[in-house]
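Colleague: Residue numbers (the numbering used here), protein chains in the order written: chain A, 269 to 603; chain B, 269 to 603.
Treat the hints as calculated values from the structure; they're not laboratory data. Incorrect hints may have been included.
As the list claims (entries may be wrong) - Computed list of lysine-lysine pairs in DSBU-like fashion (alpha-carbon distance at most 35 Å, straight line):
1. A:Lys308 x B:Lys458
2. B:Lys458 x B:Lys563
3. B:Lys480 x A:Lys308
All of these numbers come straight from a predicted model, not from anything done at the bench.
Protein chains: 2
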Amino acid sequence: MFLKEFGEERIIRELAEKFKVRHPRVLKAIGDDASVTVQKGGQALLATTDILIEDTHFRARLTPPCLLGRKSLSISLSDIAAMGGSALFFLVSIGFPGSVKKDFLDSLYKGISGRAKECGALLIGGNTARSGKITVSTTVLGEMPVDEVVYRSGAGKNDLVWVTGTPGESALGLTLLKKHGAGAIRGPFKKAVMRHLDPTPRMKAGRALAVKRLATSMIDISDGVLLDLKRVIEASGAGAVVELDSLPVSTEMRDYIKLGKRPFAADLILSGGEDYELLFTAPEKNTPRISALSKELKLRITPIGRIVDKKKGLKVIGPDGTEIKIKSLGFEHFK
Amino acid sequence: MFLKEFGEERIIRELAEKFKVRHPRVLKAIGDDASVTVQKGGQALLATTDILIEDTHFRARLTPPCLLGRKSLSISLSDIAAMGGSALFFLVSIGFPGSVKKDFLDSLYKGISGRAKECGALLIGGNTARSGKITVSTTVLGEMPVDEVVYRSGAGKNDLVWVTGTPGESALGLTLLKKHGAGAIRGPFKKAVMRHLDPTPRMKAGRALAVKRLATSMIDISDGVLLDLKRVIEASGAGAVVELDSLPVSTEMRDYIKLGKRPFAADLILSGGEDYELLFTAPEKNTPRISALSKELKLRITPIGRIVDKKKGLKVIGPDGTEIKIKSLGFEHFK
């Protein structure tokens, strides 16, 4: 069934039924002019919004709708994780052409719903519209004690710079998707492809780093390790040195490196985007507790460099201790 | 200057500067992964989201960018008004083609900023993306005491049905815009055209009706008087009778009626959308206080019908007391 035969009223009614919310803090979810929720006094309310647009952020033929749904929510959840918060509620606006089939929307919602349940977020509002291109806009609300919030601006001199997981895999996955099409989902690098299509927002890690007060600053890696680290040091009035040899490399990335193909792994790891891993800074004394957290969460957390004086800027150091020109790493966002 | 030469980083930096927020409850607006605001305990948090997409909701050549900015925020503010709340914060995601000029974005922001100031809403977050069509997605957060919230579901039998302003003007304006192009902004019906391009969210009226506990149910008229009234009676388990002769008619609409042109005024008033006026219900005993409020706000507020038993459904009654078939009014949303 095509959605043009379906009508917005019915789509919203189905949505409200699928995402039926029973929660003492939700007085009204979908079904009125605005959602109504009850706030805890003195808590920080976190709010973030993202938009995914067909042919800008994804290609419909390379992206199963269920995974598009998951990702659209994951990228906003990741922003909440990067503040150290817990996700509470979310709203979603979806635009699509009338020629889209009902199955597509069902899969999209299934993806959103699955990710929402995993992260404990409740749908409280939404909106649908006709659109030439598929467009998914999400807004996530989170909460946490005011004094636990981890901003980008807290990095201190000599702090270590850490990353969760193995950044660069998403960019590797995208490279392979572009080259081999949707078949790459079943190819030898399928894990990397799935890291691109279905990134994991690091909710538990972000929240734990905030509660245990282990991180002085934090950001999620949406635009690449170096660009996001640059944002942290700019906000903190600091510089940073990244050691190329310290970068965590996944098994898949290692296999890819063995093939000796372009783009080079260092490009992917340092400037590949959309990993939605966390990058954070912490004083060296916190290292044992961060290692313990890493074990507890079964999540790789790796120190990749150090915060230095502002005037040193942002540097990448090779295995022999010499500086590597960032431009030659294919990192083109900088001017 | 074209925006493709501009870069997202710089756009967001400019945005953060233009909308610089100093407020004791805003700990972090733009410039981190998520915004951080402080909540009042026990208050209801209202949240609503809308999306305007070029060629679905507006035509770029008929819509000055400043007014597009105003309207994109107004329609979400209107949802907060329809609950009886005050607007607090908002987030905005904007997608646009790289060929759009910097001036366009400046005007769009100016429009958003102007409307935000008028309604006391603060920008706390946002997002920009490349997009084939101009896309503006807004999320507005509002607040109010839990026991003052006015839902759609509270309409009681024999309550009067009221509307603010003169619904139908927006649809008249759109009709003229489509017919005469952007020149209609300076034509004889320019007020109606401006009601379409720059609707006023009824923040003061909505809030006052809630604080004074005058309304038993409320909705904003986004899809037409009858369709939105239908939503109220469905949520309230009631029926409603609308008297054609009671409908408020603006001077412009009267002049238009004199011309004897299609579409008929009744079509426009009953089923024209995008007025963003409020429709609410209230027991008859509240009439003197509603009239007093109308005078105080210098805003026309008119009773147009009455809530009746559910099994009577939704009826429109003509001047001679006979029922008018809704279909013949051009009201095609129903099946």
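Colleague: With reference to the structure, classify each hint as holding or not holding.
Modeller: Tested hints:
Only pairs whose Cα atoms come within 35 Å are accepted, and A:Lys308 paired with B:Lys458 is rejected, the gap being roughly 47 Å. For the suggested pair B:Lys458 and B:Lys563, the alpha carbons sit about 25 Å apart, so the restraint of at most 35 Å is met. As the CA atoms of B:Lys480 and A:Lys308 are separated by approximately 26 Å, the hinted pair is consistent with the 35 Å bound.
This entry does not satisfy hint 1, going by the numbered hints stated previously; all others are met.
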